Amino acid sequence: MELRFVKSVLILLLPLLCGCGNGDWQLGEAKKNVVMVEVTSQTWDYRLPWNPGTVSSARGAGFVIDRKRILTNAHVVSGARYLTVQREADPRKYQGKVLFVAHDCDLALLEVEDSEFFSGTSDLPIGGIPELESVVSVYGFPIGGDRLTVTRGVVSRIDYNSYTHSGRESHLAIQIDAAINPGNSGGPVMQNDKVVGVAFQGFRGDVAQNVGYMIPTPVIRRFLKDVEDGKYDHYVDIAIRWMALENPAMRGYYHRPNDGLGVVVTDIFAEGSSDGVLEKGDVLLSIDGYAIESDGSVRLDGQPVQLEEIVERKFAGDTVELEVWRNQKLEKKQITLRPAEMFSMYENLYEEPPRYVLYGGLVFQPLTANLMAGLVSGADLRLRQTYTLFGQDQLYKETPEPVILTTVLPDRSNVYLAGLTGQVVREINGKRIRTLADVLPALELGGERSVIRFEGDQRPAVLKKKEVDQVMPRIMTQYGITQPNRTELGSRRLPKGSYQQEGESR
Amino acid sequence: MRWALVLGGCLCMAGGVWAEDEDSRGSLVRVRASIQPYDQFRPWQKKSPYGLNGTGVVLPGGKVLATAALVANRTEVGLEKPGSAEKCAAEVEAIDYEANLALLQPVDRNFLKGFSGVLLGPALRAGDKTEVWQLEKNGEMLRNQAEILSAGVGRYPSDEAGFLVYGVRVSLPKRDDSYTLPLMKDGQLAGMMMGYDRDSQEGTAIPVPMIEHFLKDASDGKYEGFPTLGVSWSPLRDPNLREEVLAPKSGGLLLTRVNPRGTAGRAGLREGDILISVDGFKLDEDGNYRDPLYGPTAVGNLIRTRPTVGSPAKFRISRDGKEMEMTGTYDRKAREEVAIPTLQFDQAPKYLVVGGLVFQELTGVYLQEWGDKWSERAPQRLVEYFTFQQDKRPDPEKKVVFLSQVLPSPITLGYQQLSGLVLLQLNGQEIKSLAELAKVVDSCASGNLVFEFRDEPGKLILNAAELPASSEKIGKDYGLRELRRL
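For the record, the sequence lines run as chains A and B. Mapping of the first sequence onto numbering that gives the first Met the number 0: position 5 corresponds to residue 4, and the numbering continues sequentially without gaps. Mapping of the second sequence onto numbering that gives the first Met the number 0: position 413 corresponds to residue 412, and the numbering continues sequentially without gaps.
Next up, chain A with everything else stripped away, as it sits in the complex (with noise of 0.2 Å):
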């Protein structure tokens, strides 16, 4: 089963089903809300991360909320340079912007400066979930024509969904039985003259049909609310594991009746929300006052939705209050929520330019999701699995951001370090290297020669400074690298890292 972006291809027809509003009502408002997004974008190349990557052009669909800002997906206006918005029965292209992206939900706000552009626009209502079975219409822009295109279809699901968008993150998702193609990305899905939702991904080959998602309303107000000071914060995480509470002799083990409540913690991620407050071994009873199934849902107007949707709809220092059974004892915990760093090696980038040091033909890189998509098949073990198990082992304790070395630039001064690419950095000149911004410094220390040491059994690979020192700029000119080195965060959120800092020994 795979997910996709819904970015190009594909005509759908759908049975028309009434009994959803006023049709003639809702319509006009879609056409005077519904905008045509088109992007040209730019996508890091992390083989090459010195280059300002590749250009394509794609178009998705948008509306109008207040008369002034347009949402969409995030995977539309991702890595944006030039992006044009326009209304239905209007060939005027507008220039537009982007205030807000993103991310994890897949959302993001635009902007357009000539005000013109939205003069005659209405202010889409924001609905709720619609109910299973109800009927929606989608808007959008699918490929095969320019013109406003409507599709309706039925509430078929409502459930956490993972957001491919992220390349990590889960939240609610409605699926419905219109299919959302390519161009229907951002649109938005009515009921009730309201906005109930907006279209983001569907399946794709052969696996299902008739299978769109839809981003519904509280993940877009969550996201609404989140950018009014300004600023999109991430979401956040409890940052725990649990089990189902469903064998009678596990339930019997942690002194639980047949009740069909409860589920059991089974790990908590340092760092994290939960970390010094939960224990493993905890059963949580509610969370905020709604019980837990030991199915570990819980019912949310109406809905069963599993018991993170409490948290999801929180933002960075809101609290949760959790009734927790500890060692045959009732108690009540308080959590303050803040986002994962720990899996955000794991999520998509898109913005910030990949980050890199260049040193004598040997290039360094963080490991992070781009960088493993780029190495598909050419990972090495021991690479493949420092990223598969960095959150499940808490290795961010010891090594917050893994570093590199993913390429050698073949020159005379490193012919013999060809075979050293793929490997993890473990200690530069002695000093143990926890993320990029380590690799500086540490190429400092030291004598005439810098040791580079990896983790497993590979060699060393030694350079001579003063050789490096007169390498670097042939290497430079011959590979087309404009800089050497690119190393600030940026709005990348890293662990912290829980490792000692002084005394450190290896």
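Accuracy of the hints is not assured; some may be wrong.
Mimicking DSS-like on lysine-lysine, the simulated pairs with C-alpha atoms at most 25 Å apart in a straight line are [what the hints assert, rightly or not]:
1) B:K313 x B:K281
2) B:K431 x B:K458
3) A:K465 x B:K248
4) A:K464 x B:K248
5) B:K391 x A:K279
6) A:K463 x B:K321
7) A:K96 x A:K67
8) A:K396 x B:K458
9) A:K463 x B:K248
10) A:K463 x A:K430
11) B:K438 x A:K396
12) B:K332 x B:K349
13) B:K332 x A:K331
14) A:K193 x A:K30
15) B:K86 x B:K173
16) B:K281 x B:K321
17) A:K495 x A:K230
18) A:K279 x B:K458
19) A:K495 x A:K430
20) B:K458 x A:K332
21) A:K279 x A:K332
22) B:K458 x B:K397
23) B:K458 x A:K328
24) B:K80 x B:K46
Derived CB-CB ranges, DEER-like [claimed, not checked]:
25) B:R236 x A:R80: 42 to 48 Å
26) B:P172 x A:R448: 45 to 51 Å
27) A:E227 x B:Q416: 46 to 52 Å
No wet-lab data here; the hints were simulated from the structure. The structure displayed is predicted, hence computed values, not measured ones. C-beta: ideal position from N, C-alpha, C; glycine also.
We have chain A; now place chain B onto it with these hints.
Positioned in the frame of chain A, the structure of chain B alone reads:
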């Protein structure tokens, strides 16, 4: 496991010549093996059986040499005389999966009476002309002209070891019984073909020095195998690296890992040492020594093929710029004394079913069951334990016991989806083998069984009192005659 050999699939027509002389009679015998590997994912059963047909070499004395690949996971091995349908069952007297060699003995000791047998010939060098012999349906011999392209250390199909191997150019016609074929020189055995690619018309052969080593080892009835050093090493060509590690003027390898249990480790060698010479043979910067016969040859041949287990080893090393001699005894401990064995063919996988939880002991064969991309497809924790076992499980007595799957039953409710979990403890007791796990389970008649795993979800609980009834039901429902093999 990746046996590269499919000689039988060869379609090309080629210039063989009919054997006219009597020498070739009485030297070859057909080997028919029926193979049935264990199903590692359902360890209580075996997979579908199939047959392999090869050609064995009759040795003076009436034993037969074949490749190990031909008879691995066998249920039955038979010999058949060429030219007649006379058959006889055979026993495997010695087998070495690393070296890919097997010695067969007909059950009827007189079966090969009258066969003169083939003598071992001298070692060959690149450029030597040779022949690959095949049997025709009527028992006649087909001799295919061949040439040795290379003689050096290369990979064997078990994917474990580097040994001396011949690269052979030969055009082989498609014939039955070609899974294993002898490489001959002047009527004497020069090697055993173990792989062939019909597109390039090139193959690989196990050379006679390997066969000599194998037969000598097997001759006392106690097969020990080829020794290992138990080290990882890196070439020392890079002048910057040489300077850093204070390497001598020329030659030597950098030891990047030394298994303390291996030949080198027990002789006192350590990580970071520079290995200058072995048994008087100087090593160059790339890890080659000068072989009297083959010229520059990878050190693997020097330490694996030449000495036998138990023979003395002499190393010259440089440590912190000072040269010194170290002595020891060649052994295979680095390969055999391990927590996770690799080449466990023919052996029934161990398992233990506890109320629907299926536990197994991790082996390389289990991981290979996940296919060519096992390192990506198998549970990553198991791959980690296996690949980095010198770090993860250095103690060979501490086997890796893991939950391989759950057979759903009323008492495993909520556990059905779990698999690939390494077990650490049961009721607070560290579990170092499947037998130990069984003992702890059996000693528990009531109360809880608290299984603690390395990973999510950490703990699983079963009620011991419910086990006997539940186990019986599982045995019945899933048709398992035995719930354990320890």
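May I ask which of the numbered hints given earlier this structure violates, with the numbers listed in increasing order?
-> Structure breaks hints 11, 13, 24, 26, 27.
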